[in-house]
Amino acid sequence: MAVELDVFVGNTTIMDEEVYQLWLDGYTVNDAVKVRMEGGVLEEFEASADVLLSDTMDQYRTFQMCERLLHSPAKLANQLLFQIPPHRQAILIERYYAFDDAFVREVLGKKLSKGTKKDLDDISAKTSVTLKSCRRQHWVQFIGCDGFDNFKRVFKVVEELKGPLVENIRQHFLLSDKLARDYAAIVFFANNRFETGKRKLQYLTFQDFAFCAGQLINSWTIGAVDNMVEDMDVDLDKEFLQELKELKILITDKDLLDQHKSLVCTALRGKTKAFNEMEANFKNLSRGLVNIAAKLTNTKDVRDFFIDLVEKFIEPCRSDRWTASDMRLYLTHYTNSAHILDTFKHQVVWDRYMGVIKSCIFKMYHD
Amino acid sequence: MPGKLKAKIVAGRHLPVMDRASDLTDAFVEVKFGNTTFKTDVCPKSLNPQWNSEWFKFEVDDEDLQDEPLQITVLDHDTYSANDAIGKVYIDIDPLLCSEAASVISGWFPIYDTIHGIRGEINVLVKVELFNDLNRFRQSSCGVKFFCTTSIPRCYRAAMVHGFVEELVVNEDPEYQWIDRIRTPRASNEARQRLISLMSGELQRKIGLKVLEMGGNAVVGYLQCFDLEGESGLVVRAIGTACTLDKLSSGSAPNTNTHVHPNTAPASNACNSPSKDGKEPVFGEDLPSFSGPPTPFRALPTSSSSPPPFSPSKPCSRQSSSSDTDLSLTPKTGMGSGGSAGKEAGPLKTLLRQQTQTALEQREFPFFTLTSFPPGFLVHVGGVVSARSVKLLDRIHNPDEPETRDAWWEEIRQEIKSHAKALGCHAVVGYSESTSICEEVCILSASGTAAILNPRYMREGCLDIGSTDHRFEEPSPPSCGFCHIPYDELNMPFPAQLTYCYHCRRQKVPDVLFTTIDMPPEAAVTGKGCLIQARLCRLKKKAQGEVNATAISNLLPFMEYELHTQLMNKLKLRSMNALFGLHIQISVGENMLLGLASATGVYLTALPAPGGIQIAGKTPGDLSNEHHILTIQKRINDTITKNKELYQINPPELTEEVVGSPIPEPRQRSRLFRSHSESSDELSELDLSHGKKDAFVLEIDDTDAVEDIHSLLTDAPPPTGFYSCNTEIMPGIYNWTTGVQMFTSVRVFRLSNANLTNQGLNKIFTDLCENLLKSFYFKLRSMIPCCLCHLNFTVAVPEEELIQVAVTAVAMTFDKDQTQEKPADKPVTKGCSETEEQLQFPLELCADSSSITTQTSSKISGVPESTNVSPRAASVDYGSFADRCSTWLELLRLKAHTIRRGSVKTSRRTQSLAHSVSSLERSSPLPEGRSRSLRSNRSFGGSSVPVVKMTPLSFLPGTRIIKYLGIINMFFIRETTSLREEGGVSGFLHSFIAEVFAMVRAHVAALGGNAVVSYSMKECVLMENPNKNQAQCLINVSGDAVICVIETDQESMPSTINVVQTCSSGADGAT
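Protein chains in written order, with the numbering used here: chain A, 1 to 367; chain B, 368 to 1438.
Some hints here could point you the wrong way.
Straight-line distance between alpha carbons at most 25 Å, and here's what the computed DMTMM-like set of lysine to aspartate or glutamate pairs gives [to be verified]:
{"id": "1", "chain 1": "B", "residue 1": "Lys1009", "chain 2": "A", "residue 2": "Asp320"}
{"id": "2", "chain 1": "B", "residue 1": "Lys577", "chain 2": "B", "residue 2": "Glu778"}
{"id": "3", "chain 1": "A", "residue 1": "Lys75", "chain 2": "B", "residue 2": "Glu569"}
{"id": "4", "chain 1": "B", "residue 1": "Lys494", "chain 2": "B", "residue 2": "Asp390"}
{"id": "5", "chain 1": "B", "residue 1": "Lys577", "chain 2": "B", "residue 2": "Glu542"}
{"id": "6", "chain 1": "A", "residue 1": "Lys300", "chain 2": "A", "residue 2": "Glu246"}
{"id": "7", "chain 1": "B", "residue 1": "Lys1130", "chain 2": "A", "residue 2": "Asp16"}
{"id": "8", "chain 1": "B", "residue 1": "Lys1130", "chain 2": "A", "residue 2": "Asp50"}
{"id": "9", "chain 1": "A", "residue 1": "Lys75", "chain 2": "B", "residue 2": "Asp613"}
{"id": "10", "chain 1": "B", "residue 1": "Lys1183", "chain 2": "A", "residue 2": "Glu246"}
{"id": "11", "chain 1": "B", "residue 1": "Lys373", "chain 2": "B", "residue 2": "Asp443"}
{"id": "12", "chain 1": "B", "residue 1": "Lys573", "chain 2": "B", "residue 2": "Glu770"}
{"id": "13", "chain 1": "A", "residue 1": "Lys162", "chain 2": "B", "residue 2": "Asp390"}
If you are wondering where the hints come from, they were derived from the structure by calculation, not from laboratory data.
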């Protein structure tokens, strides 16, 4: 004796947010029922386990039917099959595209392909995100590489569009601003293949990288100067990268270097406990930053951008025990002082470069 | 050539990929009506094709317009092989034939394929030009309005109620034609869908003709059913109530409606008008000495024709004859053949009876499919009358003359009529018919409520009489009048206990009252009501032909009796005394019969308090047994006390009422017999009237009896915050808020154990129903406090070991704090969170209506008169009038726009959005005058699909229906050969039901509506063969498409706030 068929369909599609999350997290129906039972929904509502099972099955079916639509969220809004109030649609989409920061951090910039199920298993184990959920989040990592259906669809859409990346993602996937920015960061990282996996970078969170990506997108891409070009937010502005070479004068011209140093030191004197270290390290640090700038024309060095920042600047400062406000103070004066140098003609490029560097370092300078 | 049908194919979207190589589709469309077919161009390589076709024109008879659906087929062009069909859309153009309904059908329709389900959508425009031919009503019945609603539709008043109309048409079922062996399942399904669509059209037209003959202009309570008789054919039959309806003028509608609760609204609308003044009290007239015993229930199973007849039971014939004489006495006043219905009958009463009688006797069947009535229409209610008959199906030889089927129903109706007469009643209200078919056996059932009606609505000439005699009237409160017995006390059709009405104290009332109608809104109730179900399974031997039919005939009376007993016991257990909306379904399977009786129990203040239930043992001497009985008795008493509390039943104590009287003498008790312990002699009497005394006695004679009592007690009450009923609304709850969730749920249970007992089956069946209810409560818990209304259970035995239960109902929220207040005391609270949500859309629309001036005037064509449009707006060219919500919305926007003329208020952000939209969605269709963008301006873009609410009730709480757009009657077949891949039967049916909802919503939206009322799923036939990985399902749904607006306190001021939900034009403007 068994229930052979059991369905419940509402004119307005009924969805329980808790069950949706369980589904997204890859729980099986039975596991989801267990979790719900532990959650106490039964006692709350004098229901039996059968009722809970039936309800969970119904909702899982609904979600499965919706998943096709969630792959291109714009369809969700004008499909006729499910009558879902707009605010619920927004929740569905937002949750579907939400990802686990720890998981994404693991795979950020990594090259995953279809064959690397084992990699996924590892990541899954490491980040305690269930495998099914990994899969759902999966397509994210393939932005920038080919061969993955879900990704292909998404990337194709974003790729063909003119206009700002974040806005395009937000429009197309109907995501919140925050989530769209995170996705833009992932696309950007994947496209430029930034190295994020090195041990020295392990302390950085996904949100640190997402912030930096946002800075780079806003200031260093073609889109920052011309907003009607394809791929404008995904590729760095080549002209700008060329111009960065000019900054080398700051470290190659000895007079300029000394002048710069003295200006900065004058401004900093007495304002920080780390003054001595700053003064002693000035030339090293300045060389570090300017060299990073000068090398960015090489794709390889672009990839190493973050590792370079950490090795050439953040680590030395950290070993000298600069505080965060020391860092702020130093970089502000370091940037501003360059404007007073009469022989330094590349103010615009300098600002465009240092603006991003400053905010990235501020974000990255933590334990 | 009285009509021209015009169709235009605008665009498609979300089409499936038909060409694997290119991942695209080369789509074109065939538009077919009758034998004429047009084609669009092929729109190559697009999943979102823009055809923007010319207007395809069909010149046709209006007869065809009524019968035929417009058939739209979307195909994929293939140069080298046959074109592949993507799917079809059938559009019923009937709503366009009625000047008061929709004037254009325009919108996105799901493209439906019987094998693949919904495959994309197509945007279509359809119009009809009826030529001004004075003769046009001669051939067809264009213009007759149809309503599924079983009350006088809101925004109409009944000038006259003509009475019963019925018709049936038969045909061969394409599924069983020889050709089916060689054609594809798709072709076969489509042939069937098309045939049923044609037959429904024909049926509707024929009924319309009958209505015109009677002088009416509408059919209310239209109930259409299919009998899939398999080999012997396909029967489509319909019944309804012919009426003459007048549309309420814009002035009066809002006024009468403002403070009227949905419950009472139609009534007051409809009744205020005919008599124009205070002559209303007719309803209250007192029939001083009309007396007679109550029969809560009369069920006299009949069988006939092929199987040996189950002889009509004795009491029936006796009663019929007695009441016949009663009714045909010589009239005192000399008007027709009235009756001197009683020695003390007052002149008015006599007059009333005569009028009604003469009015009704002209009709063959004084039946009414309505379940709620204008106040005063229903004078007295006698009780439930029902008849069943078992028939053997044989092939219908001549489809044009379906005489046998007609004769069968005729027979049943005659029987119902005679039952009603026996109860001293001249009419049957809340009438319905149904069938259950298994192989070649068919059970025909009909049931209704015997009643005495006020003749005013039946005969025009009678409208004044009430006022003439007004001074003689002794108005009795309307809250109890209908309970007073209609039959003669001295000529009681059944032995029953009568008391004086507990409300007015002047008339006799029965101790219990069973009816199939909704509770009259003016009735006085104590506490709240609840759903009461009696469930029963009976095994039967597998048999063939007549033997089988006989076996079923023999089982039926037992089942009726036992269902009735269960109902009565459960009613007592809840301390209630009346049932409304009683619906008894008996389903036949190969090896069992299922019986399910559902009703809403209430405590009518006018009726005496029900006595308790007493348990008695068969062997009084047995001590251990006595102890056992005592414990059961205690449990029962406890349950009754608990239920009284739960349903807030605290009737005022009356002095002569003996509460908790000692157990009456055994001889005086009415015994509640258990059917299997009875002799057939006793049974043939079928004395279903209980309650000689206030206590009921349950005799425990064996273990089965104990189990029965246990099962009585196992019905769990709904959890806190929930109520449930199967009537339109819950007696005792008045302040509904706007939260509405309609749902359909289906469960199929497989019995694995081959040798089950009746008892075991009963338990399984009861659990199945109870668990379903529990599931609903759980799923809908977020709506608390809420009431499940119109719970409509349908049971079936699709295969030998399967039990299928399908439920359609609506959950409605209400305001908990004021549950006790009546609408009269306080207008219904409106607003609530949902209103705010709804508010956003229209307001936003106003903000972005930048290009309104460029839109053609045809968009603004529809201005509902009732909305008091300002004179300024009225200067717009109305063109062909389309009272459509969308156009109305546009009008509002236009107004908003003219106020700030010229100021284009589209924000920059919106523009950029619109830009990216158009670059992405090249598919965005721009039909002339109704340009829409596919995406809304909201970030998550929810508003491009119009919201369509659905409810099985005749109203939506907190809203006012301003227009009926036509009947929705759709039939779909879905089949799969990849059942596993679609998630098994559950996955298959889940998506099919969702698809059916989607198609209903799309049709309503295309008519310009925003809601479906009186929605019902009349058929859900599921056949599965998991071994072959196959399943097939047929679903038939119906309802009334309407436009409704949110009720506000200032009814006369239409504002954007009034619009319930965004309509199809929701995303206009961002062009």
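Original post:
Failing hints, ascending?
Top reply: Hints 1, 3, 4, 5, 7, 9 and 10 not satisfied by this model.
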